[in-house]
Amino acid sequence: MLGTRHKWKKMMSLLEVKDLQVRVDEREILHGLSLTVNPGEIHAIMGPNGSGKSTLSHVIAGKPGYEVTGGEILFKGEDLLEMSPDERAVKGVFLAFQYPVEIPGVTTINFLRTALNAQRKARGEAEFLVPDFLKKMRSVAGSLNIPMDMLKRGVNVGFSGGEKKRNEILQMALFEPSLCILDEMDSGLDIDALRVAADGVNALRSPDRAMVVITHYQRLLNYIVPDFVHVMSKGRVVKSGGKELALELEASGYAQFEDAA
Amino acid sequence: MNLVLAKTETARELSDIFDVARDRLPGSGKVADARRQAFEVYERAGLPHRRIEDWKYTDLRVLMREVLPPAPAPDAGAFKLAGTALKSHAIAGVRRLVLVDGVFAPQLSDLDDFDQGLSVRTLREVLEAGDTALQAQLLSPDSSDPMVALSGAMMTDGLVIEVADGAVLTKPLHIVHIATAAQPVAMFTRSLLKLGKTAGATLVESYIGADGVKTYQVHDSLLLTVGDGARLDHVRLVEDGREAFNICAAVVTLGAHAHFSTFGMTSGGNVSRYQAVITVAGEHSRVETSGVNLLNGRQHADTTLFLDHAVPNGASREVFRAVVDDRGHSVFQGRIIVRPKAQKTDARMMTRALLLSDDAEADNKPELEIFADDVACGHGATTGALDESLLFYLRARGLSEKEAQALLIQAFVGEAIEQIANDDLRGLAISAAERWLAARS
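Protein chains in written order, with the numbering used here: chain G, 195 to 455; chain X, 10 to 450.
By construction, these hints were calculated from the structure, which means they are not laboratory data. A few of these clues could be false.
What follows is a list of derived Cβ distance ranges for each label pair [claimed, not checked]:
#1 X:Arg449 <-> G:Thr263: 49 to 57 Å
#2 X:Ala381 <-> G:Gly244: 51 to 59 Å
#3 G:Asp384 <-> X:Ile439: 39 to 47 Å
#4 X:Lys180 <-> G:Glu272: 39 to 47 Å
#5 X:Lys411 <-> G:Lys329: 26 to 34 Å
#6 G:Asp384 <-> X:Glu427: 30 to 38 Å
Simulated crosslink set (SDA-like; lysine to any residue; CA at most 20 Å straight-line) [as the list claims (entries may be wrong)]:
#7 G:Lys315 <-> X:Glu410
#8 G:Lys315 <-> X:Ser398
#9 G:Lys315 <-> X:Glu443
#10 G:Lys346 <-> X:Gln428
#11 X:Lys411 <-> G:Thr308
#12 G:Lys257 <-> X:Ser398
#13 G:Lys346 <-> X:Glu410
#14 G:Lys358 <-> X:Leu400
#15 G:Lys285 <-> X:Glu410
#16 G:Lys315 <-> X:Ala447
#17 X:Lys411 <-> G:His410
#18 G:Lys285 <-> G:Thr301
#19 G:Lys346 <-> X:Ile439
#20 G:Lys428 <-> G:Thr308
#21 G:Lys428 <-> G:Asn416
For every residue, glycine included, the Cβ atom is placed at its ideal position computed from N, Cα and C.
Construct all of the structure, not just a fragment, from the sequences and the given hints.
Dropping the structure here:
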């Protein structure tokens, strides 16, 4: 395992999206999108509503209902589109949902342990026993200010917007994925909740891990500072640059790119 | 009417069987007369079919076709098979009472260290030498339903349990019905549990088949009397063999300030029907009924509850869940009747079905008949598939399709299982559900 891991690291990018074309219900949403993400990098994807940002995140995670009509997605050099959503998670893809679902009747603790052990089992690693799991979870939850009684409730049931997002970050910290996609993490959060969530994300920055931060607003990028910013419009990346591009957008808006696309 | 209906061949066979068997069945005199009358009730109606409203979804003429001959009395080989089967269904910390092929098996039962106030006799003993009042009670429900009447006419054994006023049993009672016969046979049993005033007991019933059993029929009925201020917790687990028929009925009567909590789970058997008639006859009493059907293959399971609020200030809750895969068929009929004088009744019923395949079927029929005007009653029924967005969320977290389904199914049935108050028994129901889920994947 180590050998192959080393190989992809040296030879290729973590994520390569090449000329991706995607349809939903006969309507093309992405018209040839390309994006390359290397380990350790943080990419921000910005763009107006309807530009295809969330579609990109869903297709990478393997959500049903999207038809890929052209292009490819390679993850660690492997064809991601051939994998089921759970295989992708096992390989290290993590999508932090814009709207995390509520699962009544499944406690958060039970869900986290089941998911973590499913991933470990699929990778041929030993499953966590309850005491070891609880120890690990307590330390991660503590660092994110997540009280234990919240973890005893049904997954996201009755959670505030901020709690739901923190629960997503908690999972990110537990599962230790190599690619994190944060879909509109700032939606529905006030400034304090945003800061807590961003601190959680920043704590997970690592040279081995890449992040793709999808956002409509520049505000989030004050807290999670990206290495690269891509502007999407009408299903394509129309401009890429450094973090200063986000500030530029804040000043001038997306209108200029609507015409360019 | 001069019309004489020609008997079908199978009906004639059963009639011959009854004629031959009745002299050997326990009880004489009034008991024998009652058996004969009960058999006539059955004969007039025959096997219930779809044109009988209460049996609309469970047409026994199609599903079961005939009543099998009674099982022979178990021999040493049968007890040995039963002993082996018991090992995988044993529950720790209970008083076990075992019926093998419809006959009480003392050698497999726990008959030591009885709690003060607990009396356990066999049905055979009571029918042969019991007091007439108790005999009359045992024979009382036979006019109501043809299948109950049949079990009354043919019953060979069962348990008659009495818990004296004020006695609270320390151990749950566990009645285990085991079928061992290699030939297609039927078992006819009836049990009674009577709780005195302020008494307390927990009753678990299991229906299982020994290794290698094929087709058999269980015809069982249970009479429960919960005295004033008494509490009865009841759990029944139908884990019969996959070719078995399980036709059971319960008749329950509650006194005042009584509490009856009952949970049923059907995961085994080919065709099963559980019909419970619960009468709240005393004020300020509470009934909690919950149940789960876990079906696949071509299994058919019918739970029919009739809750009768006869007096004011009663409360009842019904929570039912069905999970149906393949070509399984789940039926839930829940009727609540609130009699004219049963003011301040608070009755709720919720039934939900989860269909895991396109060919699965669930029929939910809630019915409320309210004749009082100051009551709080409600019912609801839903049927649907697993939520795709929840499945995707779980799969995006690394759970395989089967694992994701299993977690959501556990949560779904958990709402009914949670109703079980006793921790150990709740654990038992959870592990029965887990076994079913494990067998799926």
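Verification of the supplied hints:
Distance hint check: the CB atoms of X:Arg449 and G:Thr263 are about 35 Å apart, inconsistent with the given range 49 to 57 Å. For the hinted restraint 51 to 59 Å between X:Ala381 and G:Gly244, the CB-CB distance of approximately 57 Å keeps it satisfied. Taken as a hint, the range 39 to 47 Å holds for the pair G:Asp384 and X:Ile439, whose Cβ atoms sit roughly 40 Å apart. At roughly 58 Å, the beta carbons of X:Lys180 and G:Glu272 sit outside the given window of 39 to 47 Å.
Range check, X:Lys411 to G:Lys329: about 29 Å between beta-carbon atoms, so the 26 to 34 Å window is met. One distance hint, 30 to 38 Å for the beta-carbon pair G:Asp384 and X:Glu427, holds here, with the actual separation near 35 Å. A distance of roughly 15 Å separates the Cα atoms of G:Lys315 and X:Glu410; the hinted pair therefore holds under the 20 Å criterion. Only pairs whose Cα atoms come within 20 Å are accepted, and G:Lys315 paired with X:Ser398 is rejected, the gap being roughly 24 Å.
A hinted pair counts as satisfied when its Cα atoms are at most 20 Å apart, and G:Lys315 with X:Glu443 qualifies at roughly 19 Å. About 19 Å separates the Cα atoms of G:Lys346 and X:Gln428, which keeps this hinted pair within 20 Å; it holds. Our distance criterion of 20 Å between C-alpha atoms is met by X:Lys411 and G:Thr308, whose separation comes to about 13 Å. Using a Cα cut-off of 20 Å, the hinted pair G:Lys257 and X:Ser398 holds, with the two alpha carbons roughly 9 Å apart.
Distance check on the hinted pair: G:Lys346 and X:Glu410 sit about 24 Å apart at the alpha-carbon level, beyond 20 Å; violated. Taking the CA atoms of G:Lys358 and X:Leu400, the gap is near 18 Å; set against the 20 Å cutoff, the hint holds. With a C-alpha separation of about 16 Å, the suggested pair G:Lys285 and X:Glu410 falls inside the 20 Å cut-off, and the hint holds. Simply put, G:Lys315 and X:Ala447 have alpha-carbon atoms about 16 Å apart, close enough for the 20 Å limit, and the pair holds.
Taking the CA atoms of X:Lys411 and G:His410, the gap is about 36 Å. The hint is violated against a cut of 20 Å. For the hint linking G:Lys285 to G:Thr301, the alpha-carbon distance of about 25 Å lies beyond 20 Å, and the restraint is violated. The straight-line distance between the Cα atoms of G:Lys346 and X:Ile439 is roughly 18 Å, inside the 20 Å bound, and the hint therefore holds. For the proposed pair G:Lys428 and G:Thr308, the alpha carbon gap of about 39 Å is over 20 Å, so the pair is violated.
Restraint check: the Cα-Cα separation between G:Lys428 and G:Asn416 comes to about 25 Å, which exceeds 20 Å; the hinted pair is violated.
The structure fails hints 1, 4, 8, 13, 17, 18, 20, 21 (numbered hints given earlier, in ascending order).
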